[in-house]
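Under our numbering, think of the first position of the sequence shown as 1, with each following residue one higher.
Bear in mind the hints are in silico, worked out from the structure with no lab data behind them. Fair warning: this is a prediction, and the values are worked out from it, not measured in the lab. There could be a bad hint or two in this list.
Pairs of lysine to aspartate or glutamate, DMTMM-like flavour, derived with a Cα cap of 25 Å [stated by the list, open to error]: (1) K438 x E424; (2) K480 x E424; (3) K438 x D540; (4) K483 x E449; (5) K412 x E360.
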Amino acid sequence: MSIPAVTQGEHRRLVRFFSILPVVLGGISVVIGTLGLVAWAFGREEYTALLPASLPMAPLSAACIVLAGFALIVAQRNTPPFVWVTRFFALLVGLASLAVIVEYAFGVRTLLDAAVLSLFGENVQGHDTRHMGVNTAVAFIFVVLGLFLLASDRRARKMNSQVCATLALIIAFVAVVGHMFGVKDFYSFQLLSGMSLSTAITLTLLGAGVLFSQLDRGVPALIVDDGAAGFVARRLLPGVMFVPFIITMLRVAGEERGMFGQRLGASLGSVANMVTFLLLIAWSARVLRETDRKRADLFQREREARDAAEKAREEAEAATSQAEAARQEAESANGAKSDFLAVMSHELRTPLAAIMGYQELLADGITGPITEQQAQQLGRIKASARHLLSLIDEILTFTRLDAGRENMTVEKVDLENSMSQAAEIIEPLIAAKNLDLKLIPPFPSVAIETDPTKVRQILVNLLSNAVKFTDSGTVTLEGKALKNEVQFIVSDTGIGIQPENLNRIFDPFWQVEQKATRRATGTGLGLTVCRRLANLMGGDVAVSSTPGEGATFTVTLPMKAPHIAVLPTPAAKLRAG
């Protein structure tokens with residue numbers, strides 16, 4: 001036999017059922033009490049007696065049941081206004097019950113008689129049942145105490161209210177048993193008064209309602225438990241409560257019909273009870289054994305899972321070690337690459353400087369007069385040498401940035417001057433392609449604290465790129481001063497950039513025209529250097545473009561560059577990846 005698994009949804013439904021159970025029991029109690037009052041009001045008190053020749057429900061009992069039912073319903077809201085309303089209704093029931101006990105104990109009459117007579121008049125004249133029995137009053141007092149203690153028990157996580165509710169349940173259930181088996185001593189302590197069957201049943205409902213007003217402790221917590229304990233409790237409880245009751249009823253019925261004598265009936269009842277309880281115990285033991293078996297299987301699976309997790313952790317550590325070794329190797333390779341580029345660029349500058357020097361000597365006629373054709377050729381040599389020098393400088397800057405060794409000199413920089421200097425440098429390229437250069441300085445003039453050389457290098461690179469990819473039209477350089485930053489905006493009317501390439505143009509050595517027949521020359525490092533220089537100064541470079549209509553690059557720099565700017569080194573980038 002296996003224990004049915006209680007799913008989360010099933011457990012929620014179970015808890016919800018027992019959560020609303022006190023409200024339902026309180027509502028049933030209000031209805032029963034109200035019907036009892038109506039029956040007395042119309043002189044039909046016999047309708048409140050559920051068995052022939054049984055005691056009717058006393059009018060005072062019916063009124064207390066209504067009040068206690070309302071108090072039980074309101075008690076399910078655990079906020080101060082509802083707590084005080086609950087205690088007010090419970091106090092009325094408690095005072096009435098204490099008055100009844102005082103009357104029986106000391107033989108005095110309270111105002112209860114007058115109140116009952118004024119409400120029901122002739123219908124209660126001559127009835128000794130207009131007051132509740134002593135056992136009824138005691139049961140009501142326990143219900144009242146349970147309602148009074150409920151709010152404080154919820155705060156302090158105690159079970160005092162459940163104890164009181166259990167005592168009320170015992171008194172009421174004993175009365176029910178007395179009525180069912182004709183044992184008057186179970187439901188009446190006086191000759192002419194006692195607890196009626198309808199009152200006993202209703203008090204049982206009220207006691208159960210108070211008991212289940214807390215589901216996180218006591219018997220209710222055991223019943224709503226989603227494990228084996230709850231499963232067994234929910235199955236055993238009905239059997240323990242009703243099976244002995246049914247067996248006893250059958251025994252009494254058999255004795256009354258003469259089917260067997262009292263001794264034989266008692267023996268049969270005892271045997272039947274023992275067999276029933278043995279079956280229940282055997283069933284419970286089997287369920288628990290199955291639970292233990294499942295727990296052992298679960299423990300075994302958990303141990304296997306732990307072993308697998310440990311093995312996976314060891315493999316992960318081994319993979320991490322391999323990755324660390326690969327990272328160190330990549331760092332070494334990246335450093336070697338940077339060192340190689342730096343050394344090669346430096347070595348290339350030495351013969352290039354000599355070439356440029358000799359070109360200038362020849363152009364100046366130091367070695368003798370030169371023809372016009374020779375002057376043109378020397379001009380081409382000079383242009384090519386300067387272009388090669390700019391490429392080498394670009395590579396050197398990139399290697400310093402990539403190694404995190406690029407320094408920054410912070411000075412006060414006038415935006416309009418920086419823009420003018422960059423425009424002067426780029427003017428020959430603009431004139432060679434017969435383009436228009438539009439300069440829009442900020443108004444009024446603005447000065448920022450940053451590295452002027454790097455600002456000029458960024459602007460020259462961006463303007464050179466704009467000229468490269470613009471065959472006709474205008475190249476615009478605009479400056480803007482915002483609240484805490486400035487912007488340099490370089491736009492052109494050239495070929496533009498495809499949308500899929502916008503995120504790639506800042507990658508090292510990547511160019512918009514990738515074919516071997518591309519018309520634009522360069523290393524593919526210009527935009528990379530621009531962005532990294534801007535990052536070094538605390539800013540950034542952004543791009544937007546429409547293919548066929550041109551591109552716009554926006555350089556954003558803070559008003560004051562950071563004193564110490566740190567760019568990610570190759571090692572740091574590898575660790576971050």
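Hints broken by the structure, by number, lowest first? 5
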